[in-house]
Amino acid sequence: MAVVAVDQQHGPARRSARRQGQHHLQSLVFLVPGAVLLLAIVIWPAIATIRYSFYNATATKAVGLSNYKSLFSTADTLIAFRNNVIWVLVFPFIVTVIGLVFAVLSEHIRWATAFKIVIFLPIVFSVTASSLVFTQIFQLDPHVGVMNAIVQTVEDYFHPPGAYPLSAGQTAASLATSGVVAGPNGTLESGLEVRAGGTVRMGLTGVNPDTLTVLGARPARLPTPSAGAVTGLVWRDFSVSNPSNVSGVLPGEDGFPNLHLALLRSDGSIAATTTTDAFGRFIFSNVGAGPFHIQIQASNFTQGFSGTFWLGPQSLTPTSSLSQTAQALLSVPLIDISMILAYLWIWAGFTMVIVAAGLAALDREAQEAAHVDGATEWQTFRRVTIPMLAPVLTVVFVTMVINVLKIFDIVVNLGIDTSQPGGQSSTLASDVYYLGFGGGVHTGLASALAVMLFILVLPAMLFNLKRISGK
Amino acid sequence: MRPTLRGGGNTMSQARAVLSVSGRHKLFSVAALAGLLALAASMVPAGVSTASPALGHIGGSVSLWAEWTGPEQRDFQAVLSPFESETGVTINYSSKGSNMDTAIDAAVAGGAPPQVALVPDPGTLLTLAKKGAIEPLAPVIGSEASDYGAAWNNLVTYNGKLYGVWFKGANKNTIWYNPAEFAMAGLKSTPTTWQQLLADAATLKRAGVTPFSLCTDIGWPVADLWQNVYLKTAGATDYDALAAHNIPWTGPTVTTAFDTLAQLVGQPSYLLGGTKGSLSNSYPTCADKVFPKPGTMPQAAMVIEADFVVNEIVGNSANYTAGTIGAGGKKCTANPADTPCYDFFPFPAPAADQMNNSAIQGSGDVAMLFKPTAAAKAVVKYLGSPEAGAIWAHLGGFASPNKMVPLTSYPDPVTEADASELQHATGFVFSLDDLQGSWEPSLWQDMLNFVKNPSATNIASIQKTMQAQATAAMGH
Numbered sequence: 003m004a005v006v007a008v009d010q011q012h013g014p015a016r017r018s019a020r021r022q023g024q025h026h027l028q029s030l031v032f033l034v035p036g037a038v039l040l041l042a043i044v045i046w047p048a049i050a051t052i053r054y055s056f057y058n059a060t061a062t063k064a065v066g067l068s069n070y071k072s073l074f075s076t077a078d079t080l081i082a083f084r085n086n087v088i089w090v091l092v093f094p095f096i097v098t099v100i101g102l103v104f105a106v107l108s109e110h111i112r113w114a115t116a117f118k119i120v121i122f123l124p125i126v127f128s129v130t131a132s133s134l135v136f137t138q139i140f141q142l143d144p145h146v147g148v149m150n151a152i153v154q155t156v157e158d159y160f161h162p163p164g165a166y167p168l169s170a171g172q173t174a175a176s177l178a179t180s181g182v183v184a185g186p187n188g189t190l191e192s193g194l195e196v197r198a199g200g201t202v203r204m205g206l207t208g209v210n211p212d213t214l215t216v217l218g219a220r221p222a223r224l225p226t227p228s229a230g231a232v233t234g235l236v237w238r239d240f241s242v243s244n245p246s247n248v249s250g251v252l253p254g255e256d257g258f259p260n261l262h263l264a265l266l267r268s269d270g271s272i273a274a275t276t277t278t279d280a281f282g283r284f285i286f287s288n289v290g291a292g293p294f295h296i297q298i299q300a301s302n303f304t305q306g307f308s309g310t311f312w313l314g315p316q317s318l319t320p321t322s323s324l325s326q327t328a329q330a331l332l333s334v335p336l337i338d339i340s341m342i343l344a345y346l347w348i349w350a351g352f353t354m355v356i357v358a359a360g361l362a363a364l365d366r367e368a369q370e371a372a373h374v375d376g377a378t379e380w381q382t383f384r385r386v387t388i389p390m391l392a393p394v395l396t397v398v399f400v401t402m403v404i405n406v407l408k409i410f411d412i413v414v415n416l417g418i419d420t421s422q423p424g425g426q427s428s429t430l431a432s433d434v435y436y437l438g439f440g441g442g443v444h445t446g447l448a449s450a451l452a453v454m455l456f457i458l459v460l461p462a463m464l465f466n467l468k469r470i471s472g473k
Numbered sequence: 011m012r013p014t015l016r017g018g019g020n021t022m023s024q025a026r027a028v029l030s031v032s033g034r035h036k037l038f039s040v041a042a043l044a045g046l047l048a049l050a051a052s053m054v055p056a057g058v059s060t061a062s063p064a065l066g067h068i069g070g071s072v073s074l075w076a077e078w079t080g081p082e083q084r085d086f087q088a089v090l091s092p093f094e095s096e097t098g099v100t101i102n103y104s105s106k107g108s109n110m111d112t113a114i115d116a117a118v119a120g121g122a123p124p125q126v127a128l129v130p131d132p133g134t135l136l137t138l139a140k141k142g143a144i145e146p147l148a149p150v151i152g153s154e155a156s157d158y159g160a161a162w163n164n165l166v167t168y169n170g171k172l173y174g175v176w177f178k179g180a181n182k183n184t185i186w187y188n189p190a191e192f193a194m195a196g197l198k199s200t201p202t203t204w205q206q207l208l209a210d211a212a213t214l215k216r217a218g219v220t221p222f223s224l225c226t227d228i229g230w231p232v233a234d235l236w237q238n239v240y241l242k243t244a245g246a247t248d249y250d251a252l253a254a255h256n257i258p259w260t261g262p263t264v265t266t267a268f269d270t271l272a273q274l275v276g277q278p279s280y281l282l283g284g285t286k287g288s289l290s291n292s293y294p295t296c297a298d299k300v301f302p303k304p305g306t307m308p309q310a311a312m313v314i315e316a317d318f319v320v321n322e323i324v325g326n327s328a329n330y331t332a333g334t335i336g337a338g339g340k341k342c343t344a345n346p347a348d349t350p351c352y353d354f355f356p357f358p359a360p361a362a363d364q365m366n367n368s369a370i371q372g373s374g375d376v377a378m379l380f381k382p383t384a385a386a387k388a389v390v391k392y393l394g395s396p397e398a399g400a401i402w403a404h405l406g407g408f409a410s411p412n413k414m415v416p417l418t419s420y421p422d423p424v425t426e427a428d429a430s431e432l433q434h435a436t437g438f439v440f441s442l443d444d445l446q447g448s449w450e451p452s453l454w455q456d457m458l459n460f461v462k463n464p465s466a467t468n469i470a471s472i473q474k475t476m477q478a479q480a481t482a483a484m485g486h
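For the protein sequence lines, the chains are S and C, in the order given. Counted the way our numbering counts, the first sequence spans residues 3 to 473. Counted the way our numbering counts, the second sequence spans residues 11 to 486.
To be clear, the hints were calculated from the coordinates, so they are not data collected in a lab. Treat the hints with care, as some may be off.
To be verified - Label pairs and their calculated CB-CB ranges:
#1 Ala148/C / Ala42/S: 46 to 52 angstroms
#2 Ser72/S / Asp269/C: 33 to 39 angstroms
#3 Lys63/S / Asn169/C: 23 to 29 angstroms
Stated by the list, open to error - If you want the footprint, here are the derived chain S segments under chain C, 3+ residues with CB under 8 angstroms:
#4 158–172
#5 211–224
#6 239–248
#7 309–320
To be verified - Result set (DSBU-like, lysine-lysine): computed pairs, CA atoms no more than 30 angstroms apart in a straight line:
#8 Lys474/C / Lys462/C
#9 Lys63/S / Lys141/C
#10 Lys474/C / Lys71/S
#11 Lys408/S / Lys118/S
#12 Lys303/C / Lys340/C
#13 Lys286/C / Lys474/C
#14 Lys63/S / Lys140/C
Ideal Cβ positions, reconstructed from N, Cα and C, are used throughout, including at glycine.
With the hints as extra help, turn the sequences into a complete structure.
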């Protein structure tokens, strides 16, 4: 068509009708291969899809609009809609802003090309490869997952874990075995009162022998009583050869080293503090009359940060009296946010390059004029550069809206378990795939979803086409 | 379980397996082939010197579909190659991965099914038998059908005719434990009752060892676990009745199963990561926490999973030895870099329900015949023969439901015990959730809901929900 248009504009006015006809024929011949391909792999499948969307699961019987009705009535597809809404609301805006920031920054730094290459690099990797990388980054174990390693470093700085961190679901009270009772606020206390010159034995279980080995524990040994002092032993009261014996200090039972203890007066105030040695022994010297209790402080059992499951089932859910379905539809799953983070890493370079091209094409006179008039860098950026860039930013934004409306690859790769229909991170496109080609195939519903997706993309697409052809 | 809809972990590990094999493949393919042929010839047990004495030269070719890829495909082809050289039949093996059911459906609809296929799901086989798409096998395998337990044959019988021959079985009636962790708690034997299992868990806890690493980030492993408990408390007859929804989900046997399992999942300190951690523990990571790679230490003593977990364990380190004695006769160590071990014990029934102990939940691959050519019939007959099973049994990672496959074919006592369970099962049931049709995903959600809150009131409300969902989906 373009050939014809050019001819009409620039061709000599007195060209004969015959030549004109030849040209039409010629261009038709050139159009045929493309048109045939387009017909075979775009138009015909599109029409078939529309037709199938009115058919049942096996595409054998027409069912009218029932597929479209179930699109809006089944919780599974509503979850997919919700996720698409989250993607569209969050991703295009942020990726456009990041692209803008990077583009502007790259104009102001040295090694701008190197910077641009590094930011642009992720776009050349396949999304599957990037997803594999991010599966590792989001791993639960902070030794593997970089995200959790970062959180752990910060978290442990503010809340250092104790030497004997409790495992999940374990309470300090459950460790108390012989001569120990639960105290207030996660502490443990000796069961009996003790006075100067006395000795206390406190047996704990529920701690792994490896934990003690790492802390340099030695076989438990009772301390020698000493006049004017309270002495004692804290040991692992679990014997492999005799698991049911929970009273005496048996061979093979280790002391608890480096345990923080306090000497409590009868009014509950702290008289002194100390720590146990490698054999689990402790001594409070020159303590006065007493009576006292020994307290094992709660800080010994503080748990460290064990990781957030970035690709896991947590979500921001409205806690109200809403129905379960409504709650599900209004919640924002963490996995969506994690996927958006990964996708930002992939696409930020692309938007940066487009915006940078827009920046390079700008007429700098307006900016210079603003500077001359005394505008600050920020004012120039905000009042001059951004308005002038607006057309480019709009195209980038709309392209990204289209991009995430049909978001599929990262969803399926990062959320293998959760992108199945009804899964927490499923989207319209992943539903189309799984319903159309996964297990439990429903051709009709999948086609209806595909048509729905097309209708949703259509306005954004037309907008972009109009913008491009308008130029 | 249906691999198509489930277990991302599975898919990932399969993908990994495929990657690692294709990497090695180039280097070793020639050597491996030669080696396998030699192995197949030399390791077939005494008295079974040829593939099948009854078969002479047949010739021709047979198309064969199954789900195996990667190392499993290599092992399966080692099973086929003696048959091929014996009979001159060329077998065109094609792997359909986890899309077996879809691929077969499409091929049957398109009128070009393979001549022989192995499916991981007797439901598919029965559907095809109903359509008349596959051949009855009585004339093909004859009396050799009795090599399989009645529980197995019943699953592939339609209208009184046998339509399938079982080749590979998987046992879900297993709890895998790290012997070194048990030793750390002074446990000298494995539990044989549910009550003993809970008591041992308490002892492990006192020793500072977390008893269980549950694989419960998504619903199907919880469903498998619950189905084990239901089978052990209610028995195989009730299990089948519930699967067909002839017993209501609000019934007392269902309540009992939930209450029994609540004794375990209701103890967060027994679970690695507590309740919250369990809900983010995915397969196969959950198994790695009991049988880790060198460089990390075990974090729990037991993982409740099917026997295919062995692939993951030995994949983590070649150091892992089957049984309770480490490599070189040394003590089993918790440290996977030394002499770690793995072993299993059967999922125990409560003391009062010991009669259900030999009913097991599992799955398997069953061979069926689409086109009764001489060569195709010979292939099916061969797959049902003990000789074929024995070849893969030697290679490991395989258990045959065929009673005539000698238990001595298995490479270690653990696989042998696993296969022995399969062969002697008095009741054999497939995953109940896979028989639920459209409400299966809802069932999984209900099971997760139970793990989140296993209180009596929540159990009652879950049962009501499940009853409503089952009635709506199954029409009765």
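Results of checking the hints against the structure:
no.: 1; hint: Ala148/C / Ala42/S: 46 to 52 angstroms; result: holds (48 angstroms)
no.: 2; hint: Ser72/S / Asp269/C: 33 to 39 angstroms; result: holds (37 angstroms)
no.: 3; hint: Lys63/S / Asn169/C: 23 to 29 angstroms; result: holds (27 angstroms)
no.: 4; hint: 158–172; result: holds (count 4)
no.: 5; hint: 211–224; result: holds (count 3)
no.: 6; hint: 239–248; result: holds (count 6)
no.: 7; hint: 309–320; result: holds (count 3)
no.: 8; hint: Lys474/C / Lys462/C; result: holds (17 angstroms)
no.: 9; hint: Lys63/S / Lys141/C; result: holds (19 angstroms)
no.: 10; hint: Lys474/C / Lys71/S; result: holds (27 angstroms)
no.: 11; hint: Lys408/S / Lys118/S; result: holds (27 angstroms)
no.: 12; hint: Lys303/C / Lys340/C; result: holds (19 angstroms)
no.: 13; hint: Lys286/C / Lys474/C; result: holds (25 angstroms)
no.: 14; hint: Lys63/S / Lys140/C; result: holds (21 angstroms)
Of the numbered hints listed earlier, not one is contradicted by the structure.
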